[in-house]
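Those sequence lines, one after another, are chains A, B and C.
Residue numbering for the first sequence is 0 to 306, as defined by numbering that gives the first Met the number 0.
Residue numbering for the second sequence is 0 to 306, as defined by numbering that gives the first Met the number 0.
Residue numbering for the third sequence is 0 to 306, as defined by numbering that gives the first Met the number 0.
Quick caveat, the hints were computed from the structure, so don't treat them as lab data.
Check before you lean on any hint, since a few could be wrong.
Copies of one chain are not kept apart here, so a pair can be met inside one copy or by any two copies together.
[Claimed, not checked] List time: in silico DSS-like cross-link candidates among lysine-lysine, alpha-carbon distance up to 27 Å: (1) K122 / K147; (2) K119 / K29; (3) K147 / K157; (4) K119 / K157; (5) K241 / K147; (6) K203 / K29; (7) K5 / K38.
Here the structure is a predicted model, which is why all the values come from computation and not from measurement.
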Amino acid sequence: MELRRKDLLGIADLTREEIALILDNAAILKEISTRSIKKVPTLRGRTVVTLFYEPSTRTRMSFEIAAKRLSADTVSLTVAASSAVKGETLADTAANLEAMRPDLLIIRHQASGAPHFLAKRLKCGVINAGDGLHEHPTQALLDMLTVKEAKGRLHGLKVAIVGDILHSRVARSNIHGFTKMGSEVTVAGPATLLPPYLDTLGVKIAPSLEEAVAGADVIMMLRIQLERMGQMFFSTLREYSKQFGLALRHLDLAKKDVIIMHPGPMNRGVEISPEVADGPHSVILDQVTNGVAVRMAVMLLLMGDKA
Amino acid sequence: MELRRKDLLGIADLTREEIALILDNAAILKEISTRSIKKVPTLRGRTVVTLFYEPSTRTRMSFEIAAKRLSADTVSLTVAASSAVKGETLADTAANLEAMRPDLLIIRHQASGAPHFLAKRLKCGVINAGDGLHEHPTQALLDMLTVKEAKGRLHGLKVAIVGDILHSRVARSNIHGFTKMGSEVTVAGPATLLPPYLDTLGVKIAPSLEEAVAGADVIMMLRIQLERMGQMFFSTLREYSKQFGLALRHLDLAKKDVIIMHPGPMNRGVEISPEVADGPHSVILDQVTNGVAVRMAVMLLLMGDKA
Amino acid sequence: MELRRKDLLGIADLTREEIALILDNAAILKEISTRSIKKVPTLRGRTVVTLFYEPSTRTRMSFEIAAKRLSADTVSLTVAASSAVKGETLADTAANLEAMRPDLLIIRHQASGAPHFLAKRLKCGVINAGDGLHEHPTQALLDMLTVKEAKGRLHGLKVAIVGDILHSRVARSNIHGFTKMGSEVTVAGPATLLPPYLDTLGVKIAPSLEEAVAGADVIMMLRIQLERMGQMFFSTLREYSKQFGLALRHLDLAKKDVIIMHPGPMNRGVEISPEVADGPHSVILDQVTNGVAVRMAVMLLLMGDKA
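For reference, chain A alone in the conformation it holds in the complex (with noise of 0.2 Å):
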């Protein structure tokens, strides 16, 4: 089976059965990164373009690794310092990009619809890799594929999301992903941070974090992010830490082989206690693992078959 579309752009317009060929196929490849010669031939001579119009370690680096290991050759861009100032349009840019043949652009960018505009536009592939408030497919798919693992299966699981939902389109593109393939999604965070839009994707608010992970097999704890404190979203840190702050007292409502997760970078001491992050139950690492599986299965699926 193949996928049949040129770009990833979300979750939403994924369905059961691509989401699972994406992460069989991430299991599979996973095993090339624990090799002592990383690498196969499968993509030589394509030309992978990371356009990236908001700062990112892992995600971008994430991306690289992957095209690198499957021996795709990547030019990265980071918009800032480049034509972004010059005032030429997105549009533009992307035509230029596209001009010069690349085989994939992977884009991430501070407005929702960025890459689906440029996907349209383009001949060649395009991977969301997060549009402003809306979807950042890749993570999801990684956390699915991280739970998977740890689990055995996503369907019937009880997963709780917590923190700043409103935000995160990390929340959204999981919701997204594991209502699709079957678990219970349960959210909670401060009022106003949760979107009005919930209801709508079958998910249950909880009052509490307290209810919210009671009898969760999976806790996926959000960032939150700081330069939204002067919004006044929340009052304090220490506020919300005390009351949406996942410690280990809290694990004890959960199952008792819940899973951790949280998609970094981590305010340690804020949403996550450390004692959290770093204990037996957390598999935030596996996550940043799977990533890289993740991301060469869809570079491999978008790009193989055209071979």
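With the hints as your guide, set chains B and C onto chain A.
What follows is chains B and C alone, placed relative to chain A:
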């Protein structure tokens, strides 16, 4: 035939035969970028260093992609957050880079003549990727390749170059190139933006955009550098656009099969209207595609024979 | 013989045998950079990550070129526009990088001890590319290789190190290295720039530049960090230059075949006169060339045997 020089510094010092040689090689190498495996082993094990003292998306990327498609290794340095801050001289930076044994140094620098200064001191090849207000030879080569593809020849064509001629290294390199290859070049722009030396270069000066494009086979619009506004070279953007912005109605004055060029990034609605930029006469994206091919050709001709 | 360690953190903890092993390997690997095809497949499929928290042109580039000439894949992170901004701890950044399964992490950090902190926590190899005021071991290794090439030995040589000893990790690493290999090290500099622990390191302190270089086989000038001026470690540049700037006349005091070294970037006319820097005794560019060779050797010795 081969290129008997170690550097590409400007169009002014190339012979007609050398220009033809580069264009012929570029036309052949262009096919590589249309393959599924866009890579030939020709320059394997060569080290190409890009050293950019000015920000750039497309030029640096075009050179990097060109190098990678020939299997060269690339190292990119954007100077600002680096030793330039520490006050090292350009000669010392370059001598140090050379001591690491690169095969080719690609430099963009705000000072006219910087690449020539380096080329004299360094054993490795130097490509000028834009020096101050002086030259940008690979841009002119890709422009000539684009015109030759569209028209089958360069000799006897009427080429109009419109805009800020004074500050444009693209204009300078193209004036040298097209006049050398037998085209007839006419320029137009605000009087404050026409340099005094134009008459020595064998170009005609038209008093208006309309007269410049009359009967033209090729219209090349230059980018208005908005940062020069404060310097009062022209009154307002609106005024500039009205007088020297290319609109659909101007195309009727030109040859029926006129082609429209722009080196990018475009200020849509200022020097060029979107209808023209995206219309059937536009070869703007072909220019970008040809940029990779021309840079592959130059790299191959400068480095290939030394294998 | 092989290097039985996973990290290179400092010269202080290397044995004489280990230093000799690295230098011997570097001397052999140096030849690769003189070939037309400057590449061997030895580290194909290994992932090398450079993580620089301080700007650098030459060191990062030297490591990148070394890695590429051994066919390793490289990913470069300059931290500032990335997660450092977001407040992630160094340990978390590193754990995340490691989860992507790199083989080697090359780190430069403003905090002394940062690479050691990481090396203890990470399974992958760590190379210290400069940590605060502490060590810069590959710089000392390339300096020792350069001296050994010029003099045939390190034992019994008189080495003068002149300048801002207090703030120089280059000086520290070299003092460890040269004393360990049997050279006799003398330092000189403004009294405010001589650290109190010097007597414990087995070096002599000379009261003046003149006395330091008297009879020297090797003179190593340190870079004056102009940003320290405001901190009043010395009165004026002019005064500094007069007292501790190396000029032609000083060479007469040294051995006839003295060699002059500088780690770069140089402040010409401050700590070293142009006549000396560019004169026949200078081996400053050899140092840079040897930097690539030494880094290839270290990478090979740290990663090669695990193949």
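Hints, verified against the model:
1. In this assembly of identical chains, K122 and K147 lie within 27 Å of each other by CA distance solely across copies; the values are 26 Å between and 33 Å within a copy.
2. In the homo-oligomer, the alpha carbons of K119 and K29 lie at most 27 Å apart only across protomers (26 Å), although the nearest pairing inside one protomer, at 31 Å, exceeds that limit.
3. In this assembly of identical chains, the alpha carbons of K147 and K157 lie at most 27 Å apart only when taken from the same copy (13 Å versus 64 Å across copies).
4. Proximity of K119 to K157 under the C-alpha cut-off of 27 Å is found in neither arrangement, the shortest distances being 36 Å within a copy and 37 Å between copies.
5. In the homo-oligomer, the alpha carbons of K241 and K147 never lie at most 27 Å apart, since the shortest distance is 31 Å inside one protomer and 62 Å across protomers.
6. Neither within a single protomer nor between protomers do K203 and K29 lie at most 27 Å apart by alpha-carbon distance, with minima of 33 Å and 56 Å respectively.
7. Taking the shortest alpha-carbon separations for K5 and K38, both the intra-copy value of 24 Å and the inter-copy value of 22 Å come in at or below 27 Å.
Hints 4, 5, 6 from the earlier list are contradicted by this structure; the remaining hints agree with it.
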